[in-house]
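Engineer: Sequence:
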Amino acid sequence: MLRMNEKYAQNLEQIVAERNAMLQEAQDQTNRLLYEMLPASVADVLKQGGTIPPRSYDAATVCFVQLCDFPALVRKSRSDEVISFLNDIFDRFDNIIKKHDAYKVETTGETYMVASGVPNENEGRHVIEIAECSLDIREESYTYVVAHCPDFKIRVRIGFHCGPIAAGVIGIRSPRYCLFGDTEKLIAIG
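The opening position of the sequence shown corresponds to residue 1 in the UniProt record's numbering, with each subsequent residue numbered one higher.
Any given hint could turn out to be false.
Below, computed lysine to aspartate or glutamate pairings styled on EDC-like, alpha-carbon distance capped at 16 Å [stated by the list, open to error]:
1. K104 to D94
2. K98 to D151
3. K153 to E132
4. K47 to E36
In case anyone wonders, no lab produced these hints; they're calculated from the structure.
Go ahead and model the full structure; you've got the sequences and the hints to work with.
Structural biologist: Okay, structure coming up:
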């Protein structure tokens, strides 16, 4: 009877260890997603159960990067090739952004939006940070080879604007850090 109880206890310990490992893996994945969706400083506050009130900033810089000739590439490609291309090029842009004091706000289709000076104000460096990001993205675009269409040359249209902006977290289940104001709108329509 004692031996059977020991075996049962060992089995339970193994199950608990496996479940704890699964739980830790799920928590790690949740954290990775949270930090991909939100600026780190915002994610830190939300993880601790805090809230991020909407805020106005006197100055920030917002940048849009648009992949030119994207419709032409889509016409030459299968849907899986388009998705693979966008994942690859935007991942490269993400890696560039990580080297600067900037935050990827969102991607929509062939457009990539990045900002600096929000949510962490950086004493006027936001223009320099975005300018450097823009130059690095342009350089990456010049040297990028589309895997399924190597003769296709990537061209980007980059525009950025500095000015006042409002920002805040929108959404409860899928929170996003969103920007609002003329600074963001001026580039979006330009």
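Engineer: Next step is simple, just say for each hint if it's right about the structure.
Structural biologist: Okay, the hints, checked on the actual structure:
1. K104 to D94: It holds: about 7 Å lies between the C-alpha atoms, which stays within 16 Å.
2. K98 to D151: Roughly 29 Å separates the two Cα atoms, so the pair is violated.
3. K153 to E132: violated, 22 Å
4. K47 to E36: holds, 14 Å
When held up to the earlier numbered hints, the structure conflicts with 2 and 3 and fits the remainder.
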